[in-house]
Amino acid sequence: MKILVLISFIFLTACYGGSDVDDLEVFVADTTAKPRGRIKPLPEFQPYSTFVYGASALRSPFESPVAFEEMASRYAT
1 MKILVLISFI FLTACYGGSD VDDLEVFVAD TTAKPRGRIK PLPEFQPYST
51 FVYGASALRS PFESPVAFEE MASRYAT
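At position 21 of the sequence shown the residue is numbered 21 (the numbering used here), and the sequence of numbers has no breaks.
Everything labelled a hint here was simulated from the structure, so no lab data went into it.
Idealized CB from N, CA, C, for every residue including glycine.
Any given hint might turn out to be false.
Here are the in silico distance ranges between beta carbons for each label pair [to be verified]:
{"hint": "1", "residue 1": "F9", "residue 2": "F45", "range": "51 to 57 Å"}
{"hint": "2", "residue 1": "F45", "residue 2": "E25", "range": "53 to 59 Å"}
{"hint": "3", "residue 1": "Y53", "residue 2": "S73", "range": "49 to 55 Å"}
{"hint": "4", "residue 1": "V5", "residue 2": "F27", "range": "42 to 48 Å"}
{"hint": "5", "residue 1": "R38", "residue 2": "P61", "range": "44 to 50 Å"}
{"hint": "6", "residue 1": "I39", "residue 2": "P65", "range": "36 to 42 Å"}
{"hint": "7", "residue 1": "S8", "residue 2": "P35", "range": "37 to 43 Å"}
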């Protein structure tokens, strides 16, 4: 476990490579020095009115329509 930590530390130290990030530091300093904008507040939404579906006696819209002959045979007297 100690060897893994040591190898990771050496690898990360080797990747650092120096301080050639001066342009990045200048950019961050300039960006943080600029005045910040304001975010507009969220608009007020009207609540939706509820709707009760009252067609429970009708055919379900998700079922295929029944053939005319089949309906005629069901309701034939």
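Satisfaction of the hinted span 51 to 57 Å by the C-beta atoms belonging to F9 and F45: Because 54 Å falls inside the window, the suggested range holds.
Could one say that the CB atoms of F45 and E25 fall in the range 53 to 59 Å? Roughly 44 Å apart at Cβ, these two residues miss the hinted range, so it is violated.
Verdict for S8, P35 (Cβ pair) under range 37 to 43 Å: holds (41 Å)
Tell me if the beta carbons of R38 and P61 are separated by a distance inside 44 to 50 Å. Given about 48 Å between the Cβ atoms, the range holds.
Using the Cβ atoms, figure out if Y53 sits within 49 to 55 Å of S73. Violated - the Cβ-Cβ distance for Y53 and S73, about 30 Å, lies outside 49 to 55 Å.
How does the Cβ-Cβ distance of I39 and P65 compare with 36 to 42 Å: does it lie in that range? violated (52 Å)
Is 42 to 48 Å right for how far apart the beta carbons of V5 and F27 are? Given about 33 Å between the Cβ atoms, the range is violated.
Consistency with the previously given hints fails for numbers 2, 3, 4 and 6, ordered from lowest to highest.
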